[in-house]
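Asks: Sequence:
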Amino acid sequence: MTRKFSNFSILLIVVGIFVAYMAFPPISIDILGWWGIFIGFGIYLTGVGLGIGAFFKKEKGFIKYISLFSISLGSLFIAFLYAIVGKV
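Position 21 (the sequence shown) corresponds to 21 in my numbering; numbering is contiguous.
Hint data in this document are derived by calculation from the structure and do not stem from the laboratory.
Hints may contain errors.
Said to hold, decoys possible - With a straight-line cut-off of 20 angstroms between C-alpha atoms, the simulated PhoX-like cross-links for lysine-lysine are:
id	residue 1	residue 2
1	K58	K4
2	K60	K4
3	K57	K4
As the list claims (entries may be wrong) - What follows is a set of in silico ranges between Cβ atoms, one per label pair, in the way DEER data are often shown:
id	residue 1	residue 2	range
4	I31	K58	35 to 43 angstroms
5	F56	G86	35 to 43 angstroms
6	A79	I52	17 to 25 angstroms
7	G86	I66	27 to 35 angstroms
Where is the CB? At the ideal position from N, CA and C, for every residue including glycine.
Start from the sequences, fold in the hints, and give me the full structure.
Replies: In structure tokens, the structure reads:
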């Protein structure tokens, strides 16, 4: 059985982004409150770490590049959070 870090990476990135954005008004599911932002971003960072691991292990496929592209989403999230709250 081979491990596909890129598949787990995409899954964790999508779940992390969804959980992190739940606290903001368009979705506004307030189950975790402000802690959801930090938990979701932690899940997202775990997914990015797995994506970097997949890149260094030279896994075949295009998914590893998509997971590395999602690093830009994390930087945008931090920028938007700074614009909304005023501090990070």
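Asks: Next step is simple, just say for each hint if it's right about the structure.
Replies: Each hint, compared with the structure:
Taking the CA atoms of K58 and K4, the gap is near 11 angstroms; set against the 20 angstroms cutoff, the hint holds. At roughly 9 angstroms between alpha-carbon atoms, K60 and K4 fall within 20 angstroms of each other, so this suggested pair holds. Among the hinted pairs, K57 with K4 is consistent with the structure: their alpha-carbon atoms are about 10 angstroms apart, no more than 20 angstroms. The supplied range of 35 to 43 angstroms is met by I31 and K58, whose beta-carbon atoms lie about 39 angstroms from each other.
The hinted window of 35 to 43 angstroms between F56 and G86 holds, with their beta carbons roughly 37 angstroms apart. Distance hint check for A79 and I52: the Cβ-Cβ separation is about 21 angstroms, which falls inside the suggested range of 17 to 25 angstroms. Separated by about 32 angstroms at the C-beta atoms, G86 and I66 satisfy the suggested range of 27 to 35 angstroms.
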